[in-house]
Amino acid sequence: MGDLTRKTAVELAELMSSGQAGSAEITQAHLDRIAATDEAVHAFLYVDTDGALAQAKAIDERRAAGEQLGPLAGVPLALKDVLTQKDVPTTAGSKILEGWKPPYDATLVARLKAAGIVILGKTNMDEFAMGSSTENSAYGPTRNPWDLTKIPGGSGGGSSASLAAWQAPLAIGTDTGGSIRQPGAVTGTVGVKPTYGGTSRYGLIALASSLDTPGPCARTVLDAALLHEVIAGHDPLDSTSIDQPVPPVVEAARRGSVEGLRIGVVKELGGEGYQSGVEARFREAVELLTKLGAEVTEVSCPHFQYGLPAYYLILPSEASSNLAKFDAMRFGLRVGDDGELSAEEVMAKTREAGFGAEVKRRIMLGTYALSSGYYDAYYGQAQKVRTLIQRDFEKAYEQVDVLVSPSTPTTAFGIGERIDDPLAMYKNDLCTIPSNLAGNAAASFPCGLADEDGLPVGFHVMAPVMKDERLYAVGAALEAALAEQWGGVLMTKAPELEVAGR
Amino acid sequence: MSSITRDEVAHLARLARIELTDAELDHLAPQLDLIIGWVAQVSDVAAADIPPTSHSLPLTNVMRPDENRDCLTPEAALAGAPAAEEQRFRVPRILTEEA
Chain A
1 MGDLTRKTAV ELAELMSSGQ AGSAEITQAH LDRIAATDEA VHAFLYVDTD GALAQAKAID
61 ERRAAGEQLG PLAGVPLALK DVLTQKDVPT TAGSKILEGW KPPYDATLVA RLKAAGIVIL
121 GKTNMDEFAM GSSTENSAYG PTRNPWDLTK IPGGSGGGSS ASLAAWQAPL AIGTDTGGSI
181 RQPGAVTGTV GVKPTYGGTS RYGLIALASS LDTPGPCART VLDAALLHEV IAGHDPLDST
241 SIDQPVPPVV EAARRGSVEG LRIGVVKELG GEGYQSGVEA RFREAVELLT KLGAEVTEVS
301 CPHFQYGLPA YYLILPSEAS SNLAKFDAMR FGLRVGDDGE LSAEEVMAKT REAGFGAEVK
361 RRIMLGTYAL SSGYYDAYYG QAQKVRTLIQ RDFEKAYEQV DVLVSPSTPT TAFGIGERID
421 DPLAMYKNDL CTIPSNLAGN AAASFPCGLA DEDGLPVGFH VMAPVMKDER LYAVGAALEA
481 ALAEQWGGVL MTKAPELEVA GR
Chain B
1001 MSSITRDEVA HLARLARIEL TDAELDHLAP QLDLIIGWVA QVSDVAAADI PPTSHSLPLT
1061 NVMRPDENRD CLTPEAALAG APAAEEQRFR VPRILTEEA
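Same order as they appear, the protein sequences are chains A and B. Each step along the first sequence adds one to the number in this note's numbering, with nothing skipped, and position 322 is 322. Each step along the second sequence adds one to the number in this note's numbering, with nothing skipped, and position 63 is 1063.
Hints listed in this document are in silico derivations from the structure and should not be mistaken for laboratory results. The model shown is predicted, which means the values in this text are computed figures rather than measured ones. Treat the hints with care, since some could be wrong.
Mimicking DMTMM-like on lysine to aspartate or glutamate, the simulated pairs with C-alpha atoms at most 25 Å apart in a straight line are [claimed, not checked]:
no.: 1; chain 1: A; residue 1: Lys427; chain 2: B; residue 2: Asp1033
no.: 2; chain 1: A; residue 1: Lys86; chain 2: B; residue 2: Glu1085
no.: 3; chain 1: A; residue 1: Lys325; chain 2: B; residue 2: Glu1019
no.: 4; chain 1: A; residue 1: Lys360; chain 2: B; residue 2: Asp1026
no.: 5; chain 1: A; residue 1: Lys325; chain 2: B; residue 2: Glu1024
no.: 6; chain 1: A; residue 1: Lys86; chain 2: B; residue 2: Glu1075
no.: 7; chain 1: A; residue 1: Lys427; chain 2: B; residue 2: Glu1024
no.: 8; chain 1: A; residue 1: Lys349; chain 2: B; residue 2: Glu1085
no.: 9; chain 1: A; residue 1: Lys360; chain 2: B; residue 2: Asp1007
no.: 10; chain 1: A; residue 1: Lys291; chain 2: A; residue 2: Glu259
no.: 11; chain 1: A; residue 1: Lys86; chain 2: A; residue 2: Glu61
no.: 12; chain 1: A; residue 1: Lys349; chain 2: B; residue 2: Asp1007
no.: 13; chain 1: A; residue 1: Lys57; chain 2: A; residue 2: Asp105
no.: 14; chain 1: A; residue 1: Lys267; chain 2: A; residue 2: Asp401
no.: 15; chain 1: A; residue 1: Lys95; chain 2: B; residue 2: Glu1019
no.: 16; chain 1: A; residue 1: Lys349; chain 2: B; residue 2: Asp1022
no.: 17; chain 1: A; residue 1: Lys101; chain 2: B; residue 2: Asp1070
no.: 18; chain 1: A; residue 1: Lys325; chain 2: A; residue 2: Glu352
no.: 19; chain 1: A; residue 1: Lys267; chain 2: A; residue 2: Glu284
no.: 20; chain 1: A; residue 1: Lys360; chain 2: B; residue 2: Asp1033
no.: 21; chain 1: A; residue 1: Lys113; chain 2: B; residue 2: Asp1070
no.: 22; chain 1: A; residue 1: Lys95; chain 2: B; residue 2: Glu1075
no.: 23; chain 1: A; residue 1: Lys325; chain 2: B; residue 2: Glu1075
no.: 24; chain 1: A; residue 1: Lys291; chain 2: A; residue 2: Glu398
no.: 25; chain 1: A; residue 1: Lys349; chain 2: B; residue 2: Glu1008
no.: 26; chain 1: A; residue 1: Lys95; chain 2: B; residue 2: Asp1026
Over 12 Å on every C-beta distance to chain A, these chain B residues come out as not near it, computed from the model [unchecked claim]:
no.: 27; residue: Asp1066
no.: 28; residue: Asn1068
no.: 29; residue: Glu1086
Beta carbons: idealized from backbone N, C-alpha and C, even for Gly.
Kindly produce the complete structure, drawing on both the sequences and the hints.
Here it is, written out as structure tokens:
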């Protein structure tokens, strides 16, 4: 049977349905792997050993009793710490929520549980999902399993690293400006941002409500599709949830055909500022898709370059408002409540002590952008850019079925390298942000290693709203063709982590 | 040209209810100045006749029937509170004596 942590979710599900392994055994193998590797990687903020094993045993009992279970029942998963899980510590990577145990499950978490998926624990992230490196976590950075001196991406670096360290076959991320796709790209894993509104935000600690989108992360395209199907679909508890059937993502991933698919390479997402190894792997992937029957053309999206500055007005504006709820009154930290200080003073002391540097930067930027006198010049203009980017997409989709680009301009950079240069840090999200502003579906798939540093490169695919299945068609076709070249998926090329005291 | 001064950043911090230290202000003010200068490029691109988009999807108001549903118990709602008293959130005083 081999090492259970090296299996895909599909393989684990087969082992369980054929009676060769139980969920308790599979879950224990992953918990052991976490214990052996997470001191080095730091993917998890909290490992729910007892809860996971109890969930796994319950699944094994239901299966033994002859119950028909879902396709991922009993498979372990790593959950980003920005989603509430009842009675399990949830911090969003912030000291202001240290020790908080939510009194309810996020809709997404309730769906995972209903599908019998075993939640191993909560993964590390940039504080309130603000960042591209996980260095902004109040609990210390996560390290990239491909090279422990490099960042694992962010904000969902804990989720991507847990996949790349073989600690979990499935993970959940949330994508506001690229926080699923960029971590996927730099760790050689699959990360999908569904159409905005395709997955529920209920129980997701909000960063920017008009952009936040939870989605699936995995090591293979089919695993991601199966997870997508579990978590997606209309939720009456989320006022922006789309009331339509889930796109046929699993079918598309199984078929993996790009025959006749019209693919547009975005002219503006490449060239200066893009690492040569990233561009080389990207071009080869495009050629491979052409050989598989796709029709490739170049497409211009002239306003994409303004997506980044527009995003860094819209996001801080929404975040400064969303984070006002951390007021030291109803949950989380309270500092300076000495009977003398006023509520306002306690609030200011608590937010000073509880928020990290990047959160303060963005709250103040948002406060500035929304203040009277500046509103029209900044927030108002950014909203117009959002319209222009949507129009670029609409025009492009008249000619092609999907758009493609590299997922990130560079491979994983060094921990500490960009931490005090916010603008350099923000530029990680150049390719991913337009899809958040327009709300369409997008994903990153592994497409090889850059020659100059041997680190993973991501292939970025963007599809129209509610055409998420096209992402999976491209991803699965690419994955199959590349696996034939490499003799397995990219992750099998990852260096072995040193395993501590087993 | 400087787009934001240290004093303005200190004022923003007060509006945002964050009690920044002097060292933080020294560090943050030039960073915010740089970021604001950079994001200002959005004003070059969009003409007056472009409508703003606040949201990627057309939004409609969502209503539900006005019926009782399960909700949190008072104990569950207060469990994460920094301070509770008499089944309520206890907050510091909200008025000053001078006021």
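Q: Verify the proposed pairing of A/Lys360 with B/Asp1033, using a straight-line Cα cut of 25 Å.
A: 14 Å, holds
**Q.** Pair hint outcome, A/Lys360 versus B/Asp1007 [Cα-Cα no greater than 25 Å]
**A.** 16 Å, holds
Q) Between A/Lys86 and A/Glu61, is the straight-line Cα distance small enough, at 25 Å or below? A) 23 Å, holds
Q: Say whether it holds or is violated: B/Asp1066 keeps its Cβ farther than 12 Å from all Cβ of chain A.
A: 14 Å, holds
(Q) Need the status of pair A/Lys325, A/Glu352: alpha-carbon distance at most 25 Å? (A) At roughly 14 Å apart (the allowed maximum being 25 Å), A/Glu352 and A/Lys325 satisfy the hint.
Q) Given the proposed pairing of A/Lys349 with B/Glu1085, does the C-alpha separation stay at or below 25 Å? A) 22 Å, holds
Q: Would you check whether the claim that B/Asn1068 is not at the interface survives, using Cβ distances to chain A and the 12 Å cut-off?
A: Fine: 16 Å to the nearest Cβ keeps B/Asn1068 off the interface.
(Q) For A/Lys349 and B/Asp1007, compute the direct alpha-carbon distance and say whether it is at most 25 Å. (A) Between A/Lys349 and B/Asp1007 the Cα gap is close to 19 Å, so the pair holds against 25 Å.
(Q) Between the alpha carbons of A/Lys86 and B/Glu1085, is the straight-line distance 25 Å or under? (A) 23 Å, holds
Q. Taking only the CA atoms, is the gap from A/Lys267 to A/Glu284 under or equal to 25 Å?
A. 16 Å, holds
Q. Quick one, are A/Lys291 and A/Glu259 close enough, alpha carbons at most 25 Å?
A. Holds: A/Lys291 and A/Glu259 sit about 9 Å apart, inside 25 Å.
Q | Pairwise hint evaluation, B/Glu1024 against A/Lys325, where the allowed Cα distance is 25 Å at most | A | 23 Å, holds
Going down the numbered hints, you'll see the structure goes against none, and every one checks out.
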